[in-house]
Amino acid sequence: MRETIQVILIVFLILSAIGVSVTKNLFMAVIVFMGYSSIMAVIWLLLEAPDLSITQAAVGVGVDSILFFLTLKKIHQIKGTEEG
Amino acid sequence: MGNLGVNFYESASVILFGIGFMNLLLQKNLIKKFIGLNIMDTAVFLFLAAKGFVFGGSAPIIVDGITDASYYVNPVPAGLVLTGIVVAVSVTAFSLALVQRLYQHYGSLNMDVIMRKMKEEEH
Amino acid sequence: MEHINWIHNLPFFSIFIAMFAILLTAMFRTAKMAKRIHMTMMCIVVILSAILTYHMAVAPETFTFTMGHYPAPWGNELTAGPLEALMALVFGTVMLLSVMGGWVFIEKDVLQEKQYLYYIMLDAAMGAMLALIYTNDIFTAYVFIEINTLAACALVLAKGTATAMVGATHYLIMGLLGSGLFLFGVSILYSITGHLLLPQIGEAVTVLAASGQYHFALLIATAFLFIALAIKSGLFPFHTWLPVAHPIAIPASSAILSGFVVKGYVIFAIKLMYSVFSVEFMHELGIIDILFVFGVLGMVFGSLSAMRQRKMKKILAYSSVAQIGYIYMGVGLGTEIGLTAACFHMIAHGFTKSMLFLCAGSFVKQCGNIDDMDQMRGIAYKNPVAGIGYTIGAMSMIGIPLLAGFISKLYFATASIFSEGKMAASLLVLGISMILNALYFLPSVMAIWTTKKGMQEAKRANISPWFITSIVLLLCINVGLGVWYQPVIELIEVGLQLLQK
Amino acid sequence: MEWRMWLQKIKDWVDGYTVMIDADMYIANRKRREKWDWRSIIDFIYEKDLHKLHNTLCVMCCVAFIGVMLLVVNDLPQYGNVNNPANNEVSVRYVEEGLEETGAVNLVTGMILDYRAFDTFAEANVLFLSVMGVLFLLKTDKKNDDKQQQMVRKKDAEMEAIEQKPIRQIGAKYLTPFILLYGIYIVINGHISPGGGFAGGVIMGGGMIFYATAFGKEKMEQIFTFRSFANISVGSLLTYFVCKSYSFFTGANHVGWEVPKGVAGNILSAGLILPLNICVGLVVACTMYGFYALYTKGDI
Chain A
1 MRETIQVILI VFLILSAIGV SVTKNLFMAV IVFMGYSSIM AVIWLLLEAP
51 DLSITQAAVG VGVDSILFFL TLKKIHQIKG TEEG
Chain B
1 MGNLGVNFYE SASVILFGIG FMNLLLQKNL IKKFIGLNIM DTAVFLFLAA
51 KGFVFGGSAP IIVDGITDAS YYVNPVPAGL VLTGIVVAVS VTAFSLALVQ
101 RLYQHYGSLN MDVIMRKMKE EEH
Chain C
1 MEHINWIHNL PFFSIFIAMF AILLTAMFRT AKMAKRIHMT MMCIVVILSA
51 ILTYHMAVAP ETFTFTMGHY PAPWGNELTA GPLEALMALV FGTVMLLSVM
101 GGWVFIEKDV LQEKQYLYYI MLDAAMGAML ALIYTNDIFT AYVFIEINTL
151 AACALVLAKG TATAMVGATH YLIMGLLGSG LFLFGVSILY SITGHLLLPQ
201 IGEAVTVLAA SGQYHFALLI ATAFLFIALA IKSGLFPFHT WLPVAHPIAI
251 PASSAILSGF VVKGYVIFAI KLMYSVFSVE FMHELGIIDI LFVFGVLGMV
301 FGSLSAMRQR KMKKILAYSS VAQIGYIYMG VGLGTEIGLT AACFHMIAHG
351 FTKSMLFLCA GSFVKQCGNI DDMDQMRGIA YKNPVAGIGY TIGAMSMIGI
401 PLLAGFISKL YFATASIFSE GKMAASLLVL GISMILNALY FLPSVMAIWT
451 TKKGMQEAKR ANISPWFITS IVLLLCINVG LGVWYQPVIE LIEVGLQLLQ
501 K
Chain D
1 MEWRMWLQKI KDWVDGYTVM IDADMYIANR KRREKWDWRS IIDFIYEKDL
51 HKLHNTLCVM CCVAFIGVML LVVNDLPQYG NVNNPANNEV SVRYVEEGLE
101 ETGAVNLVTG MILDYRAFDT FAEANVLFLS VMGVLFLLKT DKKNDDKQQQ
151 MVRKKDAEME AIEQKPIRQI GAKYLTPFIL LYGIYIVING HISPGGGFAG
201 GVIMGGGMIF YATAFGKEKM EQIFTFRSFA NISVGSLLTY FVCKSYSFFT
251 GANHVGWEVP KGVAGNILSA GLILPLNICV GLVVACTMYG FYALYTKGDI
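As you go down the protein sequences, you meet chains A, B, C and D in turn.
With the first letter of the first sequence counted as 1, position 46 gets the number 46 in our numbering; the numbers rise by one all the way through.
With the first letter of the second sequence counted as 1, position 115 gets the number 115 in our numbering; the numbers rise by one all the way through.
With the first letter of the third sequence counted as 1, position 403 gets the number 403 in our numbering; the numbers rise by one all the way through.
With the first letter of the fourth sequence counted as 1, position 222 gets the number 222 in our numbering; the numbers rise by one all the way through.
Everything labelled a hint here was simulated from the structure, so no lab data went into it.
Be careful, since some hints might not be right.
Stated by the list, open to error - Some but not every residue of chain C turned toward chain B, in silico, with C-beta under 7 Å:
1. Ala-162
2. Thr-163
3. Val-166
4. Leu-172
5. Gly-180
6. Ser-187
7. Tyr-485
8. Gln-486
Claimed, not checked - Each computed DSS-like pair below joins lysine-lysine, with the alpha-carbon atoms no more than 27 Å apart:
9. A:Lys-73 <-> D:Lys-52
10. D:Lys-147 <-> B:Lys-119
11. C:Lys-114 <-> D:Lys-217
12. D:Lys-154 <-> D:Lys-219
What the hints assert, rightly or not - Stretches of chain D that chain A covers, calculated by requiring three or more beta carbons in the stretch to come under 8 Å of a beta carbon on chain A:
13. 101 to 113
14. 185 to 196
15. 202 to 208
Everything numeric in this text was worked out from a predicted model, so none of it was measured.
Ideal Cβ positions, reconstructed from N, Cα and C, are used throughout, including at glycine.
Extracted from the complex, chain A is given alone in its bound form (with noise of 0.2 Å):
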């Protein structure tokens, strides 16, 4: 059971990492990003490593994400256009 888990969660990690390249929109990016970073958490979960999900989550979701949309709003590109 545990090993159908970590395969489904492995392969949400690669599609959404192939989808932060793939899109033309940043702010698109940045949302498949806080994705990636909480499949993440529970990733460091299922090896055994809690302080890594606390953090990661944390980290990942929390202060990434905010960090990226605050560097998009201050580029004027909230409203997610790929510009030049």
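Keeping the supplied structure of chain A fixed, place chains B, C and D upon it in accordance with the hints.
Chains B, C and D only, in chain A's frame:
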């Protein structure tokens, strides 16, 4: 090819490293470059933590006094990755601040456009 | 309190004093206090390293200092030998003199309220450099490489202009790529050897090399480590960030960047090569030959592109790429003499290149921040100290006798004679690159000493006394190294033998 | 006509009388060679859109890179079996003697803050330096910033005034105390339950960011100004520095007073680990909030 099936965490982390590496090289947009860099870092941490896992081992928190090594997972990679995650965040914050300053002056995130504008300003 | 061996505590003290200076400056947050704290810290560190080097010269030994209560494979460790002590002393003096010479530029270029941040980055670069030299643990080396990248990136963008930002982005992306690869190499190495401390990894690697188990993984892990260190030290194929980042920084930081930040990684590569993967194993893997080839290519292409440049600082940056090629060629020869030549060249290049960058900086400032050789015709008459410094620095790089550069070229020549397969290639390239060195340095020396007919006179430069003292001191050290090189060479040789065991 | 001039030069050279080129001429010649400088070639590549070749080359090198890495993974020890080289006497000692040597129930925190404390000290310095770097880049004081920043600042102020944030304000008013409490719980119980200085610090930083987004700059400035930021982070880094240099010095020279480990399991145990965890938590919290504040209003 037997080990690839067993070491599926390591192969996933290698593929993620490749994706992040490709992002870093090919993306024109600076923000996408730094997201690719983040993916590369998390891939290395996944590789390191997966190497510490032991079947049948539980989290390295001692439960009612059992201190026999075979009960627990190897704590060393978990410690290293904890340091690594926070290093990755602080470096991302520094690079995003750099991106903002570049945008303020050059008005674009595309590295080639920035290089061309810089050369024009030089002459 | 039984007998504490104070000599063994010196590496620990110097690293922690450098780190303490960061906190102290962050407490006061004023430019004046920051400068004073930085200068006192640098003097203390240089004195401590001098005592350690003197002790090592008298009674050479390698000692390990376990950080904390737990012995070798469990806790962190610092090792110090004659080579490390000498390098700490050399880099301390290079840093001290370039900051002393660069005060004028720091005050002018960096914003007033942000100068204490600049000094914090200088302390961090020094602390990270000392830790990189002394550490015996590969993961501590990774964290301090990160500190080095952040501090050097902040030094590059100290001027705050847009081109500095572009240079800093180039530097940051290549640097983070390098440290990502380094961490990947460390994790593969950890997964097959199980240790993080260099001597323990060394034992495990010798066992693995003998048994041939995990051979491919070991090959790729060493390849990753050395590619990462090559990227960060600006070896030829990965050098694209160096000519973009170094010329744009202010003279003090570009002197420090190419003076010793770039060389810390080479020293760690030598430590890796000697104490972890023995030289024979490196030969068997073939990594030494690849380093040799990249070094040789770096020497030639660095000099070729330096000849093409119009801007004086760009010439110096490309010449740094060429000299890094020299050092890696010395390392790539694989013999003991090759390494002594490489270490001596690191010392000689550190002193000469920081002097050259300081003089170039004062020339650029004198003719109104336009960095073009055509504008600088006959500027040396108005700025004699920088003129003499630049000329003698160029002579030392070309390899005129009685100067430090000549001795390192001499030792490179002897080293290449004694290396078996690579003698022809290295001697040929050594000759060619010496000519190329002359070809790209002489036009700039000629430009600053000959006035053009139709050009108006350059303004007289206001030179601070500190700038003069630092240039004069660097000159004396250069000539001193050129003449009394014997003790330094002996110390390096003893250090390398001790490092090998 | 270029080659004829060269021919003449060779003839002169062969005849043996060397033409003394004037220094200006020599320097000037270098200027003429400027036109086919390498940089023009690079522009040529961009115009001719050859960088598609560059992209395919990069993709090929990345795919080859992944292939080599997959071969390495194939050669690596098996995932998860007990007698991997990584589970050697180093990790066995961390697990077996970890409890009584460091007194920490959570072995990872024990390893980070006691066995390999030098890495964590360097780690806290990386955090501190990154805030100083961002301060270097983004700090703009109101006195001398140029027209464009003033316009941005004015636009933000207007947006702030009219923007209604009922959900965030009510949410922040009731939730932030619990977020901070949760963060403090994780930091304090770092050596007993999973978590520790880093995780708890980030959560506390996140709570402060949440409060700052809801109530804006003025309210936050009453509580948390740049002076308090600097004092807290430098103070906690200093306590970390003093504690660790004491324990390194005494450990290395086998001297000095041993910090009592206390009874494993309750909060005031595990020697120095609790104060160190609190210091690291404070540094991380201030850094995360510092990043947010510098990104939004250019000053903490």
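So, going through the hints one by one against the coordinates:
Below 7 Å, beta-carbon pairs count as interface contacts, and C:Ala-162 has one with chain B at about 4 Å; its hint therefore holds. Satisfaction of the interface hint for C:Thr-163 is found here, the shortest Cβ-Cβ separation to chain B being roughly 6 Å, below the 7 Å cut-off. The interface hint given for C:Val-166 holds, since its Cβ lies 5 Å from the closest Cβ of chain B, which is under the 7 Å cut-off. Satisfaction of the interface hint for C:Leu-172 is found here, the shortest Cβ-Cβ separation to chain B being roughly 6 Å, below the 7 Å cut-off.
Against a cut-off of 7 Å between C-beta atoms, the interface hint on C:Gly-180 holds, since the closest Cβ of chain B lies about 5 Å away. Taking 7 Å as the C-beta cut-off, the interface hint given for C:Ser-187 holds, the closest approach to chain B being about 4 Å. Restraint check, C:Tyr-485 versus chain B: the minimum CB separation of about 41 Å is more than 7 Å; hint violated. Given the 7 Å rule on beta carbons, the hint for C:Gln-486 is violated: about 44 Å separates it from the nearest Cβ of chain B.
Pair hint A:Lys-73 plus D:Lys-52 does not hold up; C-alpha atoms about 31 Å apart against a cutoff of 27 Å. Restraint check: the Cα-Cα separation between D:Lys-147 and B:Lys-119 comes to about 25 Å, which is no more than 27 Å; the hinted pair holds. Of the supplied pair hints, the one linking C:Lys-114 and D:Lys-217 holds, its CA atoms being roughly 23 Å apart against a limit of 27 Å. Distance hint between D:Lys-154 and D:Lys-219 is fulfilled; the C-alpha atoms sit about 18 Å from each other, no more than 27 Å.
Coverage of a stretch by a chain is defined here by at least three residues with a beta carbon nearer than 8 Å to that chain's beta carbons; for the stretch 101 to 113 of chain D and chain A the count is 3, and the condition holds. Residue count for the stretch 185 to 196 of chain D with a Cβ under 8 Å from a Cβ of chain A: 4. That meets the three needed, and the coverage hint holds. Three residues within the 8 Å Cβ limit are the bar, and the stretch 202 to 208 of chain D against chain A gives 4, so the coverage statement holds.
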